[in-house]
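Number of protein chains: 2
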Amino acid sequence: MSGFDDPKEKETILEEYFELLRFPSVGADPARLKNCVDCAMWLKKWLSPQGFAVELMQAPKMLGTPPVVFAERRGSEGAPTILFYGHYDVQPEDPLDAWETPPFEPTLKDDGRVYCRGAQDDKGQFFAFLCGMRNFLESGPETIPTIKIVLEGQEESGSAALTALAPEIKDRLRADVLLVCDTGAAAEMRPAIMAGLRGVSHINIRLDAATHDLHSGEHGGIAPNPAQGIAELVASLHNPDGSIAVRGFCDRVTPPTDEERAAAEAAAVSPEEYEKITGVAPVGGEEGFTLTERNSFRPTIEVNGIHTGYGGPGAKTVIPASAIARLSMRLVPDQIPADAMAAIERHLRQHTPRGMRLSIEERTDGAAGFRLPLASPVFRLAASVLKEMDPRGAVYQWDGASIPVVSTLKTCSGAAPLIVGFGQPEDRIHAPNESYGLHQFERAMEWARRILGALA
Amino acid sequence: MSGFDDPKEKETILEEYFELLRFPSVGADPARLKNCVDCAMWLKKWLSPQGFAVELMQAPKMLGTPPVVFAERRGSEGAPTILFYGHYDVQPEDPLDAWETPPFEPTLKDDGRVYCRGAQDDKGQFFAFLCGMRNFLESGPETIPTIKIVLEGQEESGSAALTALAPEIKDRLRADVLLVCDTGAAAEMRPAIMAGLRGVSHINIRLDAATHDLHSGEHGGIAPNPAQGIAELVASLHNPDGSIAVRGFCDRVTPPTDEERAAAEAAAVSPEEYEKITGVAPVGGEEGFTLTERNSFRPTIEVNGIHTGYGGPGAKTVIPASAIARLSMRLVPDQIPADAMAAIERHLRQHTPRGMRLSIEERTDGAAGFRLPLASPVFRLAASVLKEMDPRGAVYQWDGASIPVVSTLKTCSGAAPLIVGFGQPEDRIHAPNESYGLHQFERAMEWARRILGALA
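Line order of the protein sequences matches chains A and B.
So the first sequence is numbered by the numbering used here: it starts at 1 and just counts up by one.
So the second sequence is numbered by the numbering used here: it starts at 1 and just counts up by one.
You may find that some hints are simply not true.
For chains that are exact copies, the list does not tell them apart, and a pair is met inside one copy or across any two.
In the SDA-like style, the derived pairs of lysine to any residue whose C-alpha atoms are separated by at most 20 Å in a straight line are [stated by the list, open to error]:
no. : residue 1 : residue 2
1   : K10       : N135
2   : K387      : P377
3   : K109      : L14
4   : K276      : R357
5   : K34       : G312
6   : K276      : R354
7   : K276      : D208
No lab work stands behind these hints, which were simulated from the structure alone.
If we strip away everything but chain A, and leave its shape as in the complex, we get:
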């Protein structure tokens, strides 16, 4: 018996899992740095007894950022090397008042799900994998792969430290397979192998006009209005048909092969199913592409937030002095992140409304998207392990989301990525009331046990 079959072990695992979740490790928020460091130290303490040499690493010139946990456990002579990647940082918890339970107090409800920020993304998923790995190591296998673990604290905000660090520690990262547990299974928990991910980059912009908020009567019709300006600027990014209006942004978009397209469509969610999950019809994005194409094979520019002026009850008749917007882009092969960002920036400058000053408050060029060859040996092995776990077998997916640093780790480690996760849409990652089902947690543990055995 191992994992959740043993009530005592289940209790231990849940206790540990809840401890891990209680750290409000919002990596993007400098005010939460201490919480991130505490979380990293907790992980070091957890890994050491499993025979890992653990280091908390800091990228040069990035001392004020969450540390990277690097752990290594030498395996049997001649066995392959596994590099496992996860992230212990989580998304900010706002809007606070939409949470039914406190965002950093894990709550196991009667529906068999644990509610907490990070319950799934990625604390729940990587920790379930690590618990399965512990089962595997404790089961006394004949051969054990060398296991390297990288857990970072900035995935949700661009992985700056690990991206800078990875080329420096290239030799220590070297591995045969790069395992990642930070993605979703297909509909109804059918196993899924991630055959591609979109890249991501982000840019935070600001428009300024007057030195202070102005009375909208005294100044209306004269003063440039940044609230109107930001609306016009953001609206200018798309054409009426939903396509991207930024010149040059889509120049190097490579369409999928017929095989990729067919495999993706076979695993596609139906519009009805989508609406049931999200409460909205899947009518966003570009006209002339299928739902799967728009999500897996087309780039996007999304507005993640706009804030300017008054938002309270009643009226405040003000012309705001400034406005901010948060934008993020999803990139597909073979878009070059720096070129795509340059195209956006050029567009924003050209479309800055009269009388306003544009500033780029922050930006990351981010990571490229990638697609992996379906016929690789690692994929064949994974497919047969997943078929043992679920008679339906695995599907291939090209996720719309991104784990930007995977591109970097892929290059620096020389390893073949094997990205298998057990998320489901009802987990509501990045949103209030994020959760992870115990059945999903168990699946991830089982996957770890089995794939480590198969790779040994």
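Start from chain A and add chain B according to the hints.
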């Protein structure tokens, strides 16, 4: 000696003024109702010793709103009746962190200005007038006009209670002259008589899509994005040349007469002066109209605020579930407020992006704009009084701002409006660090003393 010439009286007046300013009487905020009631009671206590019968009035069916202070003091037999209007409510104080002193702690600085929310708009202006009135009454004049005073607590949010109440108490409001002290003097404190005001209405809108915030990778290209939607919707309100794109909105705009236009242009602020005051060039509004025309004689649709999604540091890659915008409109003769609002609402519904639900969270049809005949006896009298106060004499102005309830009071009282105030652009009303100079306060006192004498 009276007013600020007498050091002891100056001390008393400043003490009273500061007491009045300390009430955080934000009429739009239900949480501040108690503060508004306290402020109204303070005003009752202040007015009673001057011989006024004072009542706190509540409009029928509006019990949870700030009361209207109504005061009346019978004058000499046969003397005319003055109706004085002011408002004791103030704008919300946000953004809090932009204030250099606490927003509700009046601070007299070395520059001779009192810093506080409401220091000018309208507590400072109406209270200075009332202090001048007290001087006048205490000076033992031979004839005294009958004085009626209306001080309301909802001017900044649409004057709902007074608008409902005024027709009910029509007979008690009846007067010959309607005095208002809630506007600005011209450049360099040259006296100004308000010959017109724009009307105002507002509408608070909301767009909803998914039931919860969505991950912008998982859902990007599929889910409708209300942050993008609100930008498109707001941008659709104007044409690229800055003119209003809402069909029907400008149908009944009456241009100024040649005399009005000439008088307005004579008192116009220069673009250089404007930029010095606000930090921004006056390049907002419609192409093809002068600065004065755009501010005084053209209607506007202004965006007062947009809030949606993430606004913090770093990136939060989310597709927000909803977005809000706050819009207000300035109306000119002969636009009909209800028709203008209907045009806006029709436009918003027609332009609601696919997959999103529009709700009107709140709206006021508001008040019409008006222009007064320049050749009236009241204007001639006021001009001669102001010429005594300042050898440069008065200019006529058509303010871009609004005191919506003045239209209502004008109709219900049958009085000729005489709107003279002493605001200056550096007062920064509606913005952080609002202030009022003591020299302005003194001017308003002097105006009250003289005009009440002249009208008696």
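Do the hints match the structure? See the list:
no., hint, result
1, K10 with N135, "within (12 Å within a copy, 83 Å between copies)"
2, K387 with P377, "within (15 Å within a copy, 95 Å between copies)"
3, K109 with L14, "within (13 Å within a copy, 60 Å between copies)"
4, K276 with R357, "between (43 Å within a copy, 17 Å between copies)"
5, K34 with G312, "between (33 Å within a copy, 18 Å between copies)"
6, K276 with R354, "between (44 Å within a copy, 18 Å between copies)"
7, K276 with D208, "between (41 Å within a copy, 16 Å between copies)"
In terms of the numbered hints stated before, the structure departs from none.
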